[in-house]
Structures are given as C-alpha cells and as structure tokens.
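K.L.:
Take a look at the letters that make up each chain.
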Amino acid sequence: MKNLYIAITCLGIILAGCNKYLDKKPDKSLVIPSSPADLQALMDNNDVMNNNRAAVGEGSADNYYLTDEDYNSFYRESSKSLYIWDDDITYNDFPNDWSRSYDAVYYANTVLENIDKVTGGNTGDYDNVKGSALFFRGCSFLTVLWGWAVVYNPGTADKDLGIPLRLSSDFNETSVRASVQQGYEQVLEDLRQAYMLLPEHALHAMRPCRAAAFGMLARCFLSMQAYDSALVYASRALALQAGLMDYNGLDSLSNAPVPLFNEEVMTALGMIQSSNLYYGKIDTVLYNSYDKDDLRRYIYFTSNADGSHSFKGNYNNSGYYFCGPAVDEMYLIRAECEARAGKTGDAMDDLNTLMVKRWRKGSFIPFAAGNADEALKIILSERRKELLFRDLRWADLKRLNLSPQTAVTIYRRLNGTVVSLPPGDLHYALPIPQQVIALSGMPQNPR
Amino acid sequence: MSYINKAAGLLLCLLLCVCSHAGQLTVKVTDASNNQPVAGAEVHVAGSSYYSLTDTSGFASIPAGDKGGRITVKALGYATATAAFSQADTDIQVRLVPAGASLETVTVSTGYQLLPKERATGSFATIDSAALGRQVTTGITDRLKGAASGLLFDGRLKSSSGLNVRGISSINGPSAPLIILDNFPYEGDINNINPNNIESITLLKDAAAASIWGAKAGNGVIVMTTKKGAYNQPLRLELNASLTYTAKPDVYKAQDFMNSAGYIEVEQMLFDNDFYSYYESSPFRPALSPVVETLIQQRDGLITPAQAAARLDTLGHNDVRRDFDRYIYKSSLQQQYALSLSGGGDKARYLLSAGYNANADALSAGYNRYSFSGQNDLQPFKALTLHIGFMYTRSKATSGKPGWDNIIPTAGRLLYPYTRLADDEGRPLAITKDYPLPYVDTAGGGLLKDWHYYPLDDYRHNTTTSGVEDLLLDVNTQLRLLPWLKAGISYRYEKQHTTGLALQDAESYYARNMVNSYTQAGSDGSLFYAVPPGGIAVNSYAAVEGHALRAQADIDKRWNNMELTALAGAEVRQTASGAGSYTLYGYDDATLSYTPADVVNSYPLYVSGYSDYINPGTGLSSHTDRFLSGYINAALSYRSRYTISASARKDASNLFGAATNNRGTPLWSAGGAWQLNREPWWQAGWLPLLRLRASYGFTGDVDQQRSAVTTLSIVPGASYTNYSFANISQFANPGLRWEKTGMLNAGVDFAMKDNLLAGSIEYYHKHGTDLLGYAPLDYTSGLRQQAIIKNTAAMKGDGVDATLNSTLLKAPLSWQVTLYYGYNLSKTTRYYRGESALGSDYVSDGNIISAAPGKPLYAVASYKWAGLDPQTGDPRGWLDGKPSTDYAALLQQTMADDLVYTGSGLPVHFGYFNNSFSYRQWSLTISISYKLGYWFRKASVDYGQLYNYGYMNRDFEKRWQQPGDEKHTSVPSLVYPYSSFRDQFYNNSEALVVRGDHIRLQYIYLVYNMAPGQKHRMFSNAQLYLNVLNAGILWRANKEGLDPDRYYPNQLPVPFSLAGGIKITF
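Just so you know, the protein sequences line up as chains A and B, in that order.
Going left to right, the first sequence walks through residues 1 to 447 as UniProt numbering numbers them.
Going left to right, the second sequence walks through residues 1 to 1066 as UniProt numbering numbers them.
Among these hints, one or two may not hold up.
[What the hints assert, rightly or not] A few chain A residues that don't get close to chain B, going by computed Cβ distances all over 10 Å:
#1 P33
#2 V48
#3 D127
#4 R166
#5 A242
#6 N248
#7 D283
#8 Y287
#9 R360
#10 I378
[Unchecked claim] The calculated label-pair distances, taken between Cβ atoms and stated as ranges, are:
#11 K159/A with G580/B: 53 to 59 Å
#12 V600/B with P366/A: 38 to 44 Å
#13 D116/A with I644/B: 37 to 43 Å
[As the list claims (entries may be wrong)] Quick partial rundown of chain B residues pointing at chain A, CB under 7 Å, derived from the structure:
#14 D274
#15 S281
#16 N722
#17 A775
#18 Y779
#19 L783
Think of the hints as simulated: they come from the structure by calculation, not from any bench.
Quick reminder that beta carbons are idealized off the backbone N, C-alpha and C, glycines included.
Just chain A, with the same shape it has in the complex (with noise of 0.2 Å):
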C-alpha cells in the first residue's frame, strides 16, 4: 500500500508540472505575433504585399495585342478569357489575381489586429508597421475596385455594386459587397492613415513611405474624377520625392534597361507574373506615336522578328512589372489635374518637366498648348505613353470613357473575328470569381 501512495504523490508531482512542460513551442520558427518585429516580419514578406498585385486591369487593358498564334498556344484558359473579356474567366486557377489581391489584405489585418497586443520596439517601429499595413490594405482595395467594381460614378456610387472590404482577420466572416462609395471611402481612410504614420523616407524601396501614401491618394483621387484633391496629393507626394532618371543614361540595348528601385519608384510594387502581359505585343498605333528621339521608344520597347515589339520598361526589372507609385506619375497626375483646373502654364512645365528627361539629349522640343483643352490632350497622350504596363490604364479608360470627348471603344482583333468593348460596358466590372460567388452568396457582376 505504501508503494502506492508514493506511486500517487509521484504522480501528483508530474501533473503539476505538466502545464509548464507542454507549453514548449513545437516550432522554434513558429512565433505568436508578441513585438513590433515580428508585424513588420509580415510587412517584410514582399512576395505577398509588394509583388503580389493584380493584373487583371492591364491584362484587360488595350495597351498590348496577342497574336493569333500566341493567343492559341495559350494554356490557361483564364488567360484567354482575360484577353476577349469573356466571363469564362470566372472558372479560375487558384491562386488568381483575387484572391492574391486579399492575401495582402489578411496580413495587413492581422498586423492591425496585433499592433496594439505588442510590446517591446519604439513609437516609429510601432508606427511604420502599422503605417504599412494601412497603406498596403489601401492599395489592395483600390487595386480590387479598379478591377472588379464599376466606375466611381459620384452620382451613383453609393449604390453601385462594390467589393468585399474585409477589415478583420476571422476567415469565418462572410464576405459581403460594400457600395463603389463605401470602398473608395475606406481606401482613402486607410492611405490617409498610412502618410501620418510612414516615415518620409523608408529604409529600403519595398518599404511603402510617406511620399508612396500620398501617390496613392492622388491615384485614388484622379481615378474618382476628385481633380483638386488629386493635384494636392501629387503636389505633396512631389513635395518629398521629384528625382527623375535621365534616360539618356539608361542602355536601351539591355533587355532590362531600368535600374531596379530607381529614383523615380516611391515604393516599389509589382504585378502577379501574366502571360498577357509577356506574350502581348505593343499596340502598333501606340508604339508609332513615339517619336524616333522619344527614348522611350528603345528604352521601353524591344523589337521582335516579326516587326512587333514587346515591352521591357519594367521598373522592377524582374517579371513582376512595376505598378507602384513613381515620380514620373505623379508629374503627370499633377499636370492632368492642372490642366483640367485651366492652368495650362503650371500643366505643361510639369510635363515639361518630366519629358526633358525621356527624349535625346538636345533634340527635345518643350510640350506647348494653346489652351487647358489641347494641354489635357497632349498630356492625357503622353501619361499613357509614360505608364503603361503599371496598371493604370485600364483604369484610365473606365474614367475617361464617362466624358464622350476622351471616351473610346477598344477592339481585340482574334482568328478573324473582332470583340469590341465600348464605353461603359458591364464588362469593365470583371466578373467575381464563381467559387467565391458560389461560397459566399454575394451578388455576380451583372451582364
């Protein structure tokens, strides 16, 4: 009997210190969020916030054509959908330009969501990672709505269908459509979070800074047709960053001829790797509008055998192409603006400005305009001459197709048949994709 009382005291023993010895974490790179460090470990991922950015807008886009051939060879048929503007899209590859979108969104909300339970680090570590959060959350949706919502229509925009803004991390939530008004609303509330956070000058390029979150707004800004406000945050982001490259220092022979975190990248994003964007060849009429001393027609441009040319402008200089916000947008943003406020002078100086740098050296004849009209013309021409590839056209087309003067119709020309998208066409909204539709109820894009 004896021997089992000390059997139960033994056992006793243990159990007390049972609690202690299971609370050993089974992976030592496993961590619970608990320091500033560890969010901006999350921060730091840029295989998921910066390079991780959807490129549906581009690939819908009539900057670039497929062949035929290439369109034929082509494997996912995602990517065919995507070219013709064809809802088979919607049976999709996963992962997909959605729910990529949404990755950053989670890790940003979960930053939110901790930055407050941390401790340990100072105020500026505590404010740059919640800063980044905010402003890749920000970028995310406004990346979403570009591409899968309608235009900002001020009349209509707070009923217009808009997109899930997932604000919490609890993957259990349903995900329900938020009005056009609702989503540009928490973009701007996020970004605006984001400058009083970022520090104005971030440690390296894929850290998003103060000048990147001003870029963002005056995107965001411009693409709802709020001029003003987009000149002001151009002005502001030019305000801290307004370094231009010369291109007549660049290799246009090099297949990557733009340094990779140049001066002119605030912060650098990239898109999702695309075989539109790969396979696609410039549009012959847009290639032709660069004069012969325009630098960017060898520095952005490469020609193949066939006489068409492809794009190797990348400010990533990698296979994700760039489409964070530079200074070269931001000149052009604040031109656009100036010119549609009638200051034709303060327009063309500021393209001027840009476009010295982009043409050979002494051949370089100033930009001049008669008045705001032939000012927002010429520099309407020369932002989609300047960016393209960075995911901005296609929202260009969505705004500029709601004044019948800048409204167009684009075309695909595919095996002898022509698919033709005019202006405010239901298919400017993408659809959702259906496994999404079917998982959480919410309305499809209508047809």
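Given the structure of chain A, go ahead and fit chain B onto it with the hints provided.
P.N.:
Only chain B this time, still in chain A's reference frame:
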C-alpha cells in the same frame, strides 16, 4: 571378492544407468487433433545446441541429459509445444496442436504488457519471425504483406509505404499507423530496422487493443518485438545470408510514351500554327526541341527542305527507351547478412546481433546498412528484472543515374522521345537543356564554361550522399513488490542523425549553368563571375532526439475463480528534431575550399539581362513535440470463461496555441469475451474452441501542425531586401479539437476438430468525428488557400477481418491453407463544404477523401461521359440532358449530384491466400494477394500538357482520327487550337475509370531443411531457401495491362526478384 563383485555390480549398474540416461531419448510427435504422426518437426533440447527432425513416422531421437530437461517442438502449421522429460524417461510423446487452434495460447504484446490472447477482448494479429522470414526484403514493412488480415498496402501513394490498418480514419491528419518498437514508439526511419532482429509483430486493430496508445493510435498500431536471448541456454550462433537478384525494369512498359514519329507530327503541326513564335522571341531564350530547331532553320533558309526532311526522318527513328534500356537501367543485386549470438544462464540472458545490407538498384544507386543490437536481461534475484538494450544502425545511400522521367530538358518539360543519350559508340551526347542548342553552342564566344548538358555523364558530377545514424537505448526494470504486484520503470533514448551532401562539382551542368548565368562579360572580354566558378555543395543535417520515460504498475491477482490483470502508468515523451542546410559556392571537394558568393546584391543574368539574387541556400528548423499521458487498463476473468476489460487514457501535448483544456483528450475502451467451449454444458466435440468477444472504444489522432492561434514562421533573407520576413503559417482556429475515432469490434475465434477449419472472424464498425478535413474557403478571406483544414468531417466504416486456416493434408505431404480476408468500406457521413455544390469541388480520382456524404471515403467521382462526337472526335459530357461539348459550361455548371460516383478508390475486399506444403525436408509457401471491388482513373492524353510540357501517353495512338473511330475508342481527337477545359473534362470523366481488381502472385518461398543431427555436427540446423518476389499479376480486370498498384504513368512496373539464402544455427 563379494565386495568386489558387489562393487563391480554396483558400478556396472551405475554405468548402465548413466549410459541409458545419457543415451537417446525418443520423441514421438503427433497431431493432437487426430493422433497422426507429424513429420519434419524440429525438436530442440532447451539449453543445448541440439536439434533434430522427426521422420515420417513422427519419431526423432535426441541425446538426453542426465538430469532431465525440456524440449521444444516446432512444426509448420502447428503451434510450438514444449514438454518436460525426466531422468527416467526414454521416450516421450508430444502432441502438436494445429496452428489454427492455437490462437488461445498465443501471447500478444501491446507495448505495455504481454497478454495471453485467451484473455484479450480486443483484436490482435500476430506475425511471427517465420512468417517475416518468408520475404527477403531490406525493410520490415514489406514483409508484412501476406501475413495478416486487415492490413492494406495502398499502392497509389508514391512516397510512403501506403500501409494502413483497417482503413484510414484520419481524413487529413497523419494517416500512417503508429509503429512501436518494443515498449515505445519508434521515431526514426522505419528502414533502419533490420528485419532479422524482429521476433514478432503484433497488429493492434480495434479500440480495446489500441486505445492503450491513445492519441496517434487512430490509424492502428503495429508493435514490433525484438529477439531476445533465452535463460539457461548455451551459446547459440545464428547466421543468415542471402543474395537477391532483381531484374532490369522494363522501360518499354512505360505508359507515358509516344513514338517519335507521332511526336514529331505534333511538333510539326504546332510549328505550322506558330505555336513557338513566342519562345523564339522571348528574352529568356527558352529551349526548343531539336525538331523545332530544324523546322526554324528550314523556314529561315539555313537548310534545304531535303536536309530538314532527312534530319526529321533520322529523329523519327530514334527511341529514347532504347538508350534508357542500354545505358541507364541494369539488373541489380542486394546482399544481406545477419549474425546473432545468444544464450543465457539462470540469472541473465543475452543476444547480440549484427547485420549488413548492401544494395544496388537498377539505377546503380547504392545503399548499405550496418546494424548492431544487443538485448540483455538480468534477473539478479527472483523479484527483480533489468533489461538493457541497444540498437545502432548506420546506413548510407548514394545517388545513381537519372531514371525514366528524371532527365528533364528544361524545367517542367519532359524528354523528347527521339532524344539520343549516346552516340553509336556509346559516348554521352548533349541534349537540349535550358537554352536552345544553337545558342549554347556559341554563347559567350568561348569565354563561358561549356553550357551543354550530357545526361549520361552528368550523374557522375552530380551526386547526393546521405548517411543515417540511429541509436536506440532501452533500460527497463521491474520489481515484484508483492506476489501479485509489480512496478516498473522504462526509459528509451533515441537519436537519429542524418547528414547529406548534394555535390554538384565544377563539371556538373548545374554548377556550370549557375556560373554562366551570373557571368558578366565586359566589353574588353574580361569576365566577372557573381557565382564563383567551381562546384556547388549543399550540406544538410537533420537530427531527431527522443526521450520517453514510463512508470507502470502491473497487477496479476488470482483468487477463487477470479483473475485480475491490470496496469496503470504514466508516461512522458519528448521528440525534438532539428534540421539545417547551407550551400557552398566555388566548392572543391578535393581541397574542401570554397568561395563565398554575394547573396545580398542582385546581379544581371547573362541571358535575359534581368537582375536576380543568388540563392543563399540556407535553412534551419527546430521542432519539439511533447506528450504527457496517463493510462489504466484492467481485465477481469471468471473461471477463464468470462472476461471483461476496460481501459482509459489521457494524453496531453504541447499542441501549439491550443487552450490548455484542449491539449488533453481522454480516450477509453471496454470489452468482454466469452469462452463457450469451457462451459460445463459444452457438448460440441466437433468444435473444441469457440470464443466470442466484443469491444468498444475510442482512439484519437492529433496533428501537431495545426494551431489554434495565428502563428508566423520567420524566414531569413527576403528577396530584394534580405530582411527576415514572416509567413503566416497557421491561421487562428480557436475551435481546433483532436480527431476521435470510435470502434466497435465483435469477433469469434473457433477451431474445428482435426483442424479442418480454424480461425477468427471479426466485424467492426468505425466512426470518426471531428476529423480534420479541408473545408472550402471563400478565398476573399486572404488565407492564400482555397480550403482550410479544420475539424470538419465525420466518417463511418464497416469492415470484416477474417483469418481462416485449414490443414488439408497431413504428413508425409502436408498442405495447409490460410486465407486472410479483409473487407472495409468507409463512407463520409458529414463534410462541411459551405454552400457550394459545384461538381468540380467533388471530382476525384479516389486518392483524396471525398466530401460527398454517403459516398465511399475515397470515392472515384467523374463527369458523366457521352462518348466522342462522331463528327469531330471531341469528348462530350451531358448538359441539360443532351450531349455537349461546351467544356466551360460542363466544368462550371455540373453540380455535385450530376457526377458519376463509380465506387471506392480503395479496395473493398482484399487479403491474401497462402498455401504451404511440406514434404520431408522441403517446404514451400505460395502467397497470392487479391484486391477487389475498387476503381482507379487511368491517365490518358492531355493535349494542352502535350503541347506545352511534352506530357505523353500511349493512348495517343488510340485517338479518334476519323468518323467511326468513336465506336472503339474514347481518346479524343488531336485538335489545335485547343482548350485545356476540353482536356480537363476528358481527364476527369467517367471514360477513364477502370476497375482496379486484380490478383497478384505475392511471393514464393521454398526451403530445404538440411538433415540435422549427428551427421552434421558442425551445426545443429541449416536451411537453404529461395524466395521469388514481385512475380507478377495473375489476373486483372483492366484490359490495358495496367498495374493498379502502380498506375501512375511515369512508374515502371516493379521487376521481379529472386533471392537465395542460407540460415545456419550453430
């Protein structure tokens, strides 16, 4: 004189006595069921090295000692019997009980206790060393084939052994059974275990048997017991040596092949459609096949059409299989040696063993293994036992040649069927690799390293060696405190250390390509190497260290007609593993010199000009699993007729982030048995054994990978920034629970008179709840996955395990038949899938758990097939009741209910049919396995994959080519432009579902027992044996000649092997 006479008489008398007793003892061995003599039985005098075999009349004579002793008698088909003889005996009779009826005398090991099977209420199956010896293989698991019921080898899993006990109960958690070596779970690589060291294996199949193992026992438990010495036995030496010959794999049987002419036709067609124009213009310069290169040269006027035609004609006559057959694959030899020394006195027993295996495989890859083990038991006084054991294994594997499908021209692309690996003289030829041949011929103008790839030479420069060292130490001690109470402590230490070196020397393609890719050529011809020239070595290590400590009390108390067996204990276990790897650039193995590479900055790539970073190639990980368990187990018998048993166990683990109250899970079982034939009223003389038993209980399963809180995994060196970055590795799931499996088992054990039929039949019902399953996820949640694993599903399964033995003939020619039969059909009963009823979410080849409630757990689900379109050869499905070729709609609009569920992807009926014959010194066992009642989906043509990645399939030749073909083929026509939806539909359609049923000749085992006894004093026993493995399929339901266990198109059939060996006991 009289004294002298008296003395002489007495002496004579004494002498006579001594002589007669030191002389021969005659042993007669008979069959207990019919009193017929048993021939060929092995008679062994305990404590001596003496063996003898009985003759045809069942007699054997042995030298008897002068003070009596014990003999052990073994014979095929009978339970081993022992008998004592005294000084006075001159002849004794031993009655052998036929094996089937001997179920009641078998002892089973649960890893916690040794239990007489007659008092077990649970389901156990025991496999003895003789059964394990019938298949000569390097690993132990292969030897379980054909040795028990309820054990299924799922051949569809390429990586693992696919072993499962009574079907799988974990849906997405770990699905392998728990392996116990002696008292504790074995944490190392199962291949470390030398099969010659294993005395027996017990399968714990139901909850009453396995619940003692608690968590992790949900998929069944396999208990391996090592050989031990025997008390009071002089030194005994056993030697076992064998040589196995394995035939050359038949590469001509590959399913993923197309003839060269057909392949060239496809390439020509694609070229005519400008399929390759992008490849030609890409800055990445992707490789193009020799045929496409030829067509380009012809188009560009570099060669004449006649030259091109001649070149294509030559290529069209090549067959890469010929080169694989001639230069790559070989027949191979495996050697096995095992030596053991054992013995013991009154107070100690010991066994020391050593084993050596040396294998070479068909690709000349080497494997050798040394294993040493020692098992010592001490019994300094009656009440105390002490066991000290060790097992040490050291193995080394070296890589060989690249096999079928391992020579890859360019990432993601398969080898062209017209590739030549060697020229007519057998010299290695360069094949197309990452860049076009014309490009690498001239790139760098001679300044770069040779950029060609020679597969037949490259493997010499690209070697992987890995070594595993495993040490196991066991210490147990048990003290008898009271006649009925024992207390014991057991401790196990295990350490496995694995080291690997993947060496790509300076001559290897990989190293040359890396150096060239990062070379920058200055305009003055100077070269800058970002990747230092030389070899590239990746060193890696992994270590697993486990401690397990157990304290246990055992009770064995008898009073009146009652007997109580009980045990209670507590256990603590920790397994810590760590791994790491690092890469050395500019490495020279001869001098161990290397040059650090700059992994921080990006460098332009030579070919594309894009900037890229050099992979630092480092990684570290560390993992610790901890378990705390308490358990209790008791069985109470009355008059040896009625037994009831119960067990309970609670496990707790350091499941990361789990709330403390969820760390532990209580599991229990209860059972009863009734031995009818021991009832006084039992009259059925024809049925001397009849026992009924039933049990019910729970086992659990836990996946240490899951977590209840958001956890990050920190990774060093983000691209571009080189900062540490984090991935979210677990998404907070506060509702995480342990998987639980309940099992009801009911069985009958019986033996008929004369052993006409004996065995056991069991029925079981399994139901799993809280099973970890994939729940589809609205990926707007941003989890980077379409589904999340959570406790989401429930399943139930019914099964039957039967073992039937029958002795059809007795000596001199004996014939014994054993049938193992398993039936298992598990179904999904509940599965959370949200709102989605899209058919595409349910289509399955039967290799993943089906989410369709009411369907088999591994249901084969397909799109309904409407045949080929008679006009175009397009595959057709059903849409709104009409045949349709709208593939996008077929894939998107087919609902789960519209799918065709053919049946289970796992065999529903399976088992083995073994026949054993023995005649004089010969015995022969033939084992036949069968798997019935299941389906699989065979691979077929996928045109999109063929065009883009070069995936081939023999079905190409059977494709629809003209109207009328649809009557005898279901392989769609070749089309371009193509739709991958069309391929996807066809490859997931009913048309490719094939019956998996087949019968296989599992093994043949022939032994010749060399006549022992006086004539061969050198040794006491010797056996010569021959073993045939993988002898082939005897019958299969499919007409295509596919092996359903290896139907992956890129798997070659397992070639047959023949082993011969000798086993000698000194």
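K.L.:
Would you mind marking each hint as holding or not holding in the structure?
P.N.:
Here is how each hint holds up against the structure:
1. P33: Answer for P33/A: violated, closest chain B Cβ roughly 6 Å.
2. V48: violated, 8 Å
3. D127: holds, 18 Å
4. R166: violated, 6 Å
5. A242: Per Cβ check, A242/A is outside 10 Å of chain B; nearest 24 Å; holds.
6. N248: holds, 19 Å
7. D283: holds, 17 Å
8. Y287: Nearest chain B Cβ is 15 Å from Y287/A, so the label holds.
9. R360: holds, 22 Å
10. I378: holds, 32 Å
11. K159/A with G580/B: 53 to 59 Å: holds, 58 Å
12. V600/B with P366/A: 38 to 44 Å: holds, 42 Å
13. D116/A with I644/B: 37 to 43 Å: violated, 58 Å
14. D274: holds, 3 Å
15. S281: holds, 4 Å
16. N722: violated, 9 Å
17. A775: A775/B check fails; min Cβ-Cβ to chain A is 10 Å, beyond 7 Å.
18. Y779: Where the cut-off is 7 Å and the nearest Cβ of chain A is about 4 Å from Y779/B, the hint holds.
19. L783: Interface hint status for L783/B: holds (6 Å vs cutoff 7 Å).
Checked against the numbered hints given earlier, the structure breaks hints 1, 2, 4, 13, 16, 17 and satisfies all the rest.
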